[in-house]
Each structure stands twice: as structure tokens, then as C-alpha cells.
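> What follows is the residue order along each chain.
Protein chains: 2
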Amino acid sequence: MTNYKFNKKRKNKAIVLLSGGLDSAVSLYSALSESYQVSCLSFDYGQRHKKELKAAQKIAKKAGCQWQLVKISLPWKGSSLLDKTKKIPRHRKIDAEIPSTYVPARNIIFLSFAASFAESVNASAIFIGANEIDYSGYPDCRQEFLDAFSLALQKGTKAGTQGVKTIICAPLVKKNKQQIVELAIRLGVPLELTWSCYSGGKKPCGTCDSCILRAQGFAQAKMKDPAGC
Amino acid sequence: MTNYKFNKKRKNKAIVLLSGGLDSAVSLYSALSESYQVSCLSFDYGQRHKKELKAAQKIAKKAGCQWQLVKISLPWKGSSLLDKTKKIPRHRKIDAEIPSTYVPARNIIFLSFAASFAESVNASAIFIGANEIDYSGYPDCRQEFLDAFSLALQKGTKAGTQGVKTIICAPLVKKNKQQIVELAIRLGVPLELTWSCYSGGKKPCGTCDSCILRAQGFAQAKMKDPAGC
Numbered sequence: 001m002t003n004y005k006f007n008k009k010r011k012n013k014a015i016v017l018l019s020g021g022l023d024s025a026v027s028l029y030s031a032l033s034e035s036y037q038v039s040c041l042s043f044d045y046g047q048r049h050k051k052e053l054k055a056a057q058k059i060a061k062k063a064g065c066q067w068q069l070v071k072i073s074l075p076w077k078g079s080s081l082l083d084k085t086k087k088i089p090r091h092r093k094i095d096a097e098i099p100s101t102y103v104p105a106r107n108i109i110f111l112s113f114a115a116s117f118a119e120s121v122n123a124s125a126i127f128i129g130a131n132e133i134d135y136s137g138y139p140d141c142r143q144e145f146l147d148a149f150s151l152a153l154q155k156g157t158k159a160g161t162q163g164v165k166t167i168i169c170a171p172l173v174k175k176n177k178q179q180i181v182e183l184a185i186r187l188g189v190p191l192e193l194t195w196s197c198y199s200g201g202k203k204p205c206g207t208c209d210s211c212i213l214r215a216q217g218f219a220q221a222k223m224k225d226p227a228g229c
Numbered sequence: 001m002t003n004y005k006f007n008k009k010r011k012n013k014a015i016v017l018l019s020g021g022l023d024s025a026v027s028l029y030s031a032l033s034e035s036y037q038v039s040c041l042s043f044d045y046g047q048r049h050k051k052e053l054k055a056a057q058k059i060a061k062k063a064g065c066q067w068q069l070v071k072i073s074l075p076w077k078g079s080s081l082l083d084k085t086k087k088i089p090r091h092r093k094i095d096a097e098i099p100s101t102y103v104p105a106r107n108i109i110f111l112s113f114a115a116s117f118a119e120s121v122n123a124s125a126i127f128i129g130a131n132e133i134d135y136s137g138y139p140d141c142r143q144e145f146l147d148a149f150s151l152a153l154q155k156g157t158k159a160g161t162q163g164v165k166t167i168i169c170a171p172l173v174k175k176n177k178q179q180i181v182e183l184a185i186r187l188g189v190p191l192e193l194t195w196s197c198y199s200g201g202k203k204p205c206g207t208c209d210s211c212i213l214r215a216q217g218f219a220q221a222k223m224k225d226p227a228g229c
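Protein sequences, first through last, are from chains B and S. Its first residue numbered 1, the first sequence is counted upward by one per residue in this note's numbering. Its first residue numbered 1, the second sequence is counted upward by one per residue in this note's numbering.
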């Protein structure tokens, strides 16, 4: 599973959205376990935690997959994930409210690029680590959004209108963080390479939503986090 | 309609996807005629006809609107609209076949950015010059795609899940090119500033799909094209 030559021999292609965090890494290994030939796609979108991109690159390399970085600009700032003058929420009670780290239409944009990439290389699936159980309330992480987007792809791409359905796979969407950590262990995900923290510091802050959810998952799975989060 | 101060006083905001061609310019003026405060959005996506961006900027300025340029890269080339080693089809019979100028998921990507922009500035509408009558067969120009994408926005954005619907307006989608030219005249669109040709030369080539469709519209409307196409 970790050899590119092997990966290249696989018939069915998939594009995996790889942020470099826990969920996207598990999503990648899920795609590999389903025998897809995987190309990973990451985005430099001005996020303060650019460190995740190095993590993504290392994870893709370790898994023996191609890695494609796309740089995009979102000049209409406003999210605390993009704007360093804003504060990342700390020790937030994870509830239904959408936090300031929300980047408008982020997954919509990412999936659009993935759809373009998929159609260009005849990939039949797009994997995304979206999760709507232990998550920050971002609406574009929910299955009902993914279903609607999938329909838009069917109607709006050459492949879709010719009857070739590009499946959007979200293997973690209904799993809680404990189950995600347990799946990561089962699939051999190199957890030590993943980076989840929003803050962009040298070490994970331990207090942002992403660190809190990650720690919760490892605690519930009774595992030590090998990335030292 | 062509004064920015006036434009700024308008209450309802709209994002207009402005390529710089005939259809998007008419779409812009449709938005203005519906009393929207408009911000125009254009993309440098590696198209060989970059000249359209200068046209877009001039049209936005003339209309008194803000203009935002977003640069994106689509590293998975393949379309003849992006790849100069490929030939743009000439004198093509415009039929149901999707030509080599098709860029996978292009409007999906553009609309995703527009959705992000719209949500950031609380715009209630996105205008796109998509047209499914006299067009090149691109699937992401059809109303059924736009409807599906609209649903994805409702499900996948903070605004959408909070009941604020971002309308996708395609005022030209069911018009033929003659009707579009006639509407352009009625709305006072500065047609002399528009640029439709795919080829990227100094003058319109007159033989690509876009030039053929444009010429057809002016001929049917019994009008001379002021851009000299």
C-alpha cells in the first residue's frame, strides 16, 4: 500500500483531498484500502496553518501517491483561519454554532478543483475526509451537502452528462473521532506525520477546535497521539 | 447605471462572473438593471485568451463596479483553451458535441469562488452569463446544472443553512444570440469593450466557436458588431 509503483498499476483512479490532518489521512488510506490508484490534492489557500501542507506532502509520499498542490487566493478575507489579525477560538465548547474559523464555501471550492482534476485524468472517485459527527459545524462537511454537490457534478461535467458518475466518497462522514482513530490504526495511517492544529505554531496548541476534537478521539480510543498533540 | 457612487448606494448585493465576453457583459448589465450593487469577479485560469481580462476590467470600470481578479492554476491541462500546443477548433459546426475547448468543471470552480465571495460580503445573488441555446455544448452552462449547484450552496454554506438563499441568476440561459445582442443594445452594454474570441490573437479570429456564435447573433439582430468581430 505504500509503494507508488504498486499504486500506479491500479485500474480505478481516485482524487483524495489531503489537508494533512488526521481525517484526510484516514480518508487517503481508506481509498488505498479500496484499491484505488490515488492522486492527492492539497491547497495553499492562505491558511495560517500552512504547516499542514508539509504534512500532506509527507503523507502522500509515504503512501506512494502522487501529490498535487494548488495555490488559490481568497481575497475576501474574514475567516480567522485566514486572517492573522483575528483570534482562533480557544477552548470552545464544540456545539452547533459555526465558529469564526469557517471559510465560506471552502470544501465547495476544493471539491470543484477535485472534480476538474478527476475529469482530466478519468478518475471515478473523489475522497474527502469530511465528518459531521465530531466536527466544527461547517455545513460543507455534511452528507446532505456532498449529495447535492454530487448531483451538480452529474449535471455540470462532460463525464457526468455522458453517464460517468464521479462518486464523492466521505468514508468518515458518520464516524465519531474515536472510530476515526481506531480506523487509522487499523489501516496503518502514519499518524505521526499528520498535523491538525489550526494555529500555525511550531507545536499543536491543544486549545483550538481541531486539537480538542483530535485529543478527544485519541482519549476515547485509549491511544497516545504519536504526533504529540 | 454607470456611476460607482450610485452603485454603492444599492442595498442588495450581487457578484457577477465577468469573463469580458458578450454574454457576461450582458449579464452584468442585467444585474445592474435589477438594481443590484455589483462586484465583478474574473479569473485568470491560464486561458490563452487572456485579453478577455483586460476587457472585463474595462467593462467593470465603465459600469462603475468593483472588479476582483482571482488567479487560479489548473495543472491538469488537456483543454485546447489552456494548452497552446493544441489547436482551437475552427469553422466547427456548432452541434451537441462537447468541443476540445471544454475546461473540466470550469463554471463549477468559478461559481464556487463566487459563492465564497458572496457569502463573505452578504451578497444575495450570483450572476452568470451561461447560455444553453447558442452555445458550445458545455454542460456547466445549462439551467439544470445551475439548479443543482444552487441546491449544493443551500446545503453547503453557512448562509444557506441559515435560510439565506444565494440566488444563481442566469438571465441569458434560455435566450438565443440574437436576443442577447438585442438585450445588450437595450441595456446599453458597451459592446465595443467586449472580447469573445478564444484564440488570444490581436484581433478576433472569426473562426472559433465563440466568434461564430457572436457573429451569428449580430447578423440575426441586423447589427454591426462594434468590437469589429
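Errors might be hidden in some of the hints.
Note that identical chains are pooled: a pair holds if it fits in a single copy or bridges any two copies.
[Said to hold, decoys possible] Subject to a maximum C-alpha distance of 27 Å in a straight line, what follows is the list of computed BS3-like cross-link-like pairs (lysine-lysine):
1) Lys13 <-> Lys77
2) Lys203 <-> Lys50
3) Lys175 <-> Lys155
4) Lys71 <-> Lys84
Derived by calculation from the structure, the hints in this document are not laboratory data.
> Against each hint, give a clear statement of whether it holds in the structure.
Verification of the hints:
1. Lys13 <-> Lys77: between (34 Å within a copy, 17 Å between copies)
2. Lys203 <-> Lys50: within (13 Å within a copy, 43 Å between copies)
3. Lys175 <-> Lys155: between (29 Å within a copy, 20 Å between copies)
4. Lys71 <-> Lys84: For Lys71 and Lys84, the Cα distance is within 27 Å both inside one copy (19 Å) and across copies (22 Å).
The earlier numbered hints are all upheld by this structure, with none contradicted.
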